[in-house]
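K.L.:
Sequence:
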Amino acid sequence: MFQYSKRLLSIATLLLISTSSQAQDSGPATQLAQMGGAMQAAAEVCGDRSEAQLQEMKRQQKVSIQSMGLNEEDFDKAFDQGLERGRQDLEKASPEQRSKMCEQLRSGPKF
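Residues -23 to -1, 1 to 88 (mature numbering (1 follows the signal peptide of the UniProt record, and there is no 0)) are what the sequence shown spells out, left to right.
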């Protein structure tokens, strides 16, 4: 799971580069929650995770990030921002780009 999460994190970081000015105004916990949302957008596009698996990933991220001091409401807001931005960015990506991203994700271990 860690390798898969690392791959998703790399992709999420790329997805969120265009929002870097917004991210600079927020703390690291908020940025991590936004990346978690973008990670979920990537996982949704690839279709390799069930809804239950996606929800479990989000739950684990929430618990981890809350330990950094971000409350549940702020986590959900930041996660949803990242999810929406990730979806928008992936819609703009070419089919080849999406296919390559999914292939990279699939090469990691399943959880």
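Don't take each hint at face value.
BS3-like cross-link-like pairs, simulated, lysine-lysine; straight-line CA separation at most 25 angstroms [unchecked claim]:
#1 Lys54 - Lys69
#2 Lys77 - Lys35
#3 Lys54 - Lys77
#4 Lys54 - Lys35
If you are wondering where the hints come from, they were derived from the structure by calculation, not from laboratory data.
K.L.:
Work down the list of hints and note, for each, if the structure agrees.
P.N.:
Here is what the structure says about each hint:
{"no.": "1", "hint": "Lys54 - Lys69", "in the structure": "23 angstroms, holds"}
{"no.": "2", "hint": "Lys77 - Lys35", "in the structure": "24 angstroms, holds"}
{"no.": "3", "hint": "Lys54 - Lys77", "in the structure": "29 angstroms, violated"}
{"no.": "4", "hint": "Lys54 - Lys35", "in the structure": "13 angstroms, holds"}
Going down the numbered hints, you'll see the structure goes against just number 3.
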